[in-house]
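Colleague: What follows is the residue order along each chain.
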Amino acid sequence: MDCNEVLELISSAVDERLEKDTLKNFYQHTNVCKICRNVFELESITKKFIQTRVQPIRTPDYLADRLISQIKNSAESRSSYKINSILSLILQWRKWYVAIPAIAAIGLYFIIFSPPAHHYHTSPVDNNIIHQIYNNYDAVVDGKIKPTLTTDDPSVLENYLKENVNYNVNIPKLRDCVLVGGTVSQFDEEKLSHIIYKHGDCIIYFSLIDFRVVVGNRSITLPQKAIDELVRTGWYYADDHKCCSVILWLKDSTLYIAAAEMEKDKLMAYAKEGNKNNINDSKSIDNVFTLKNVTHKNDHSLDFEWDNNSGNANNFKSFHSKLTIINFWATWCGPCRKELPDLVAISNEFATKGVRVIGISTDRGSNVVADVSEFINKNKVTYPIVIDNGELAKAFGNVRGIPTTFLVNEEGKVVESFMGLRTKEFFVEKINRLLQ
Amino acid sequence: MIPQKKQTVKETEFLDEAIPHMDSLYSFARRLTGNPDDADDLLQDTYLKAYRFWDKYEKGTNIRAWLFRIMKNSFINRYRKETKEPETIDFDEIQDFYTKAKDTVDDNDDLGKKIFSGLLDDDVTRALDSLSPDFKTVVILCDIEGYTYEEIAEFIDTPIGTVRSRLHRGRKLLQSKLFKYAKEKGYLK
Chain A
1 MDCNEVLELI
11 SSAVDERLEK
21 DTLKNFYQHT
31 NVCKICRNVF
41 ELESITKKFI
51 QTRVQPIRTP
61 DYLADRLISQ
71 IKNSAESRSS
81 YKINSILSLI
91 LQWRKWYVAI
101 PAIAAIGLYF
111 IIFSPPAHHY
121 HTSPVDNNII
131 HQIYNNYDAV
141 VDGKIKPTLT
151 TDDPSVLENY
161 LKENVNYNVN
171 IPKLRDCVLV
181 GGTVSQFDEE
191 KLSHIIYKHG
201 DCIIYFSLID
211 FRVVVGNRSI
221 TLPQKAIDEL
231 VRTGWYYADD
241 HKCCSVILWL
251 KDSTLYIAAA
261 EMEKDKLMAY
271 AKEGNKNNIN
281 DSKSIDNVFT
291 LKNVTHKNDH
301 SLDFEWDNNS
311 GNANNFKSFH
321 SKLTIINFWA
331 TWCGPCRKEL
341 PDLVAISNEF
351 ATKGVRVIGI
361 STDRGSNVVA
371 DVSEFINKNK
381 VTYPIVIDNG
391 ELAKAFGNVR
401 GIPTTFLVNE
411 EGKVVESFMG
421 LRTKEFFVEK
431 INRLLQ
Chain B
1001 MIPQKKQTVK
1011 ETEFLDEAIP
1021 HMDSLYSFAR
1031 RLTGNPDDAD
1041 DLLQDTYLKA
1051 YRFWDKYEKG
1061 TNIRAWLFRI
1071 MKNSFINRYR
1081 KETKEPETID
1091 FDEIQDFYTK
1101 AKDTVDDNDD
1111 LGKKIFSGLL
1121 DDDVTRALDS
1131 LSPDFKTVVI
1141 LCDIEGYTYE
1151 EIAEFIDTPI
1161 GTVRSRLHRG
1171 RKLLQSKLFK
1181 YAKEKGYLK
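Quick note, the sequences are listed as chains A and B, same order. Numbered according to the numbering used here, the first sequence spans residues 1 to 436. Numbered according to the numbering used here, the second sequence spans residues 1001 to 1189.
Bound-form chain B, shown alone (with noise of 0.2 angstroms):
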């Protein structure tokens, strides 16, 4: 007898529980294109899908987990083409460079500032962007958004061994790369 409350419902509850998420979500999605214009797209299409499949949603059920893999999903179909191939980094170069710096330092803490003290933000968001999305993901997630490893693995869907064996990858991979760029604007001798 009374009209329709159906819609404002599922509004309502999407507005209240799927909103508040947004925030984690677009800068996920920043990290993730590397670019504003893809994020803004990657975070609308998201969003517009979550709300059209709102009722495949379970409640009471990480909300955040699986907004993060639509948005995934979303991401890989997308980008799939466009996968760059790996480069090949040489990780021995730096723990070269470490033991022999750091027989002259005492303080780790400095000697971290020391190897990476003259990158610019762009190198770090360039040093990110050259990781293929299985890593940077992981990355993002945990050292960038500060999520815990059952977060993550429930992310995107993979046992916690391989969310623990892709950070410490996808960390070197940074690792050498962010070496690589100081290195190559003479910051590092």
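Excised from the complex, chain A in its bound form (with noise of 0.2 angstroms):
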């Protein structure tokens, strides 16, 4: 190898990117020649200080905030204008009078001509808001209604009808169900939330609505034997159609109806179980934190603590055992949430030999506490989760991308590290191995 030949390997030899061989090659010049081996000794000490002293820059929380939202809110906007032409024309039932004829006569067509996709469940055009629901479950199930926001997170729906309506809003959760969207309609100075499930290809359509307008003799009114059954139990059955289901129940002072083809005791359950795990359920797993101090030691080891008011652990140090597994990670983060099933089931297996799990989460926003507590809850993890702000990744120092994922011996020192998602598989043997 002559001069400049080394020297266009200079970089590569300082990134130890050559092949052995080369590498040979490589030494063998730098050896005997003071210049080229001038050149590569300084081309690596820059290399060095500039990794020392210019660290990764994590965004401001501001910045990724406003993204998120600017990024939220153009999909949301597309989606209300679709639908907002349509939503001029539904819901509103006064107009429903004169709909209410042109539809039938296209079911009688169909009904005739072809046999439709569903059968209809047409029902008075009333004051009664069950007759109201039947008919809006057939408009849902024709397309005829759209949410004015799609969306699959209960949250997101939840956050917008509560912008929309004045009552307590509990977005049911259902289990084996995706959540379609939602929209809010007005009948008169009343608010009404509608939102759509899918099960398979079973729609389940909810309705909700102030209880004390419906109690007050307005113009959205139940039969008296509803109210007294929902004032005494809570819960309320219409079978006026033995094919489509209606339940109504209490929660709050709201009144939630739920309307879908499937068999009564079905869609109770579902409903009691949506009523159950709604998003403000207080009955919570109770493992979210705040991070509230980090202490750098001399020893390059981290410790941090965090807000806890139960009296278990709340600092590193105290929780951190024989390994500990600390991953950074956030809800919105896909390949993390990916991941979350396979520590849950690591910190569960491994408990008992000292290893630890805990998820720093780098969500940000107002409301990350709750935001975060609910998915969570709704994702069973077990482990603590911190929630980081950015000091954390910081002090981490290594923090390019999410997951990011540290595991920290016995000493309470970093010893493997690793930058995007992982398998179970491959936790358990590094688990394995550092135990030994």
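These aren't lab readings, by the way, just hints derived from the structure by calculation. Treat the hints loosely; a few may be bogus.
As the list claims (entries may be wrong) - Chain A regions said to be covered by chain B (calculated; three or more residues, Cβ under 8 angstroms):
| id | region |
| --- | --- |
| 1 | 7-21 |
| 2 | 50-57 |
| 3 | 322-335 |
Predicted, not measured: the structure shown is a model, and the values here were computed from it. Glycine included, C-beta positions come from ideal geometry on N, C-alpha and C.
Take the two lone chains and join them into the complex the hints point to.
Modeller: Rendered as structure tokens:
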């Protein structure tokens, strides 16, 4: 190798990217050529210097928040544009005096000439909200009622509805069902929320209204029998149509109505479960904390504290045992979400061997604790989650993207770090090796 | 029959796949532009463009490379006019200094510390800023962000050989700048 060849390979040599044979030739030359050796050494020094002095910079919270909401808004505004025109037609059921005969005629046409996709539950158009729910259900199935906000995230829809109505809204969260979206409509002065779920091909439709409106003898009413039953038991079941179940229940003085073409008991089970698992359920797992303090020690090990009122460990040192997996993640990060069930399994399976798992959420926003808690409950994450304000990622120094996972050994030192999604097998293998 | 799900799929996909790379891109934007305000604009521009052209992104390919390319192009479009004239730099000076200094020191690490020890973070940022975008990009991506040559080649759409030579040249320019600052401040005699 001559000087020109060596100079061309210098950056590769600095970055340790040369093949064994090439590297041998490279060193053969630099051992004798002082000029090339100096160039090589100086470049190595420069790289090392830059590496230690210039750290990656994390996106400031305000910027990340702004960007995410810009993206979400651009999606929302486009979908609401499409639907507003249809929305003006629906749900203001006085107009249905005109619309119903037309729909009925079309319905009749289909009944006679081709079998309809589903059968109709056409009900009287009056002030009885149960009748209206049957009519609305048909309109939802026919695609005549569409959500103004399409989202599969109940918390997003919940926030949207809360902004638009003045009663309590807890979106039922249904297992095995996909949220399609929701909308708000106005009838006289009163606002109704509408939520659409899908279970396979079956649509489950919810409507919410302030219960005080219904008992206030105004334009939206319920039969007295239903009101009595709701006040007495909190639940009511309407059996106007055998094929379509309608269930009503009360929670925090909001009336919830669910309608679906499924058996009463099945819908009841969904309704009860959704009622239990809704977002503001206070019986949630309490393992989401906020970061309080990060301390660097002289021996390069880290300690950090989190807010905790329950009397359990509230700093890393007392939480840590033999090996801790520190996982930087966020609720919006797909790969992170994929990793969570594996980490939960690991935290359970290896608990007796002194392996701990702690999640560091990089989520941001004004409701971050509630948002993360809701997610944690839904996904049954049992290990503690500490919400980082950026300090911890900075302290770890190497969190360029998420998920990033660090393994901390018995002495409290980071021994391994991985950026990106890893499998359970991968973690188990690392754990077993480190525990030996 | 079911209300439009299309927007949501796009939004969910984008939030899942593109947002996790925000920190890498922001870090790069900060170094590339050299100041927070321009970095904010550049990051925002990049993400909104990426969202708008999400259907152009081929699923399963390197998303980070795709985002980086959008950022690089946005940067070039925006700052093209402001490209500085290259300064003349004396490479020999530092080599001479190093050769002499080496005779008095055994450990290379010590020597490294000695050469650049007195420099402030501002000096380092200033030196990095003085590089032209082509050189700056490869140095940031390799030395600060820690990407491999292959990844960098994909990000900037050039052969690996070009990455290698730009790195060498970029580091050399940086080295001379740092040396110059150190000398100006009187840390080096």
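Colleague: Counting residues of the region 7-21 of chain A whose CB is closer than 8 angstroms to a CB in chain B, do you get three or more?
Modeller: Answer holds; 9 residues pass the 8 angstroms Cβ test.
Colleague: Quick check: do three or more residues in the region 322-335 of chain A have a beta carbon closer than 8 angstroms to a beta carbon of chain B?
Modeller: holds (count 5)
Colleague: Closer than 8 angstroms Cβ to Cβ for three or more residues is the test here. Does the region 50-57 of chain A pass it with chain B?
Modeller: Holds: 7 residues of the region 50-57 of chain A have a Cβ under 8 angstroms from chain B.
Violated hints: none; the structure is consistent with every hint.
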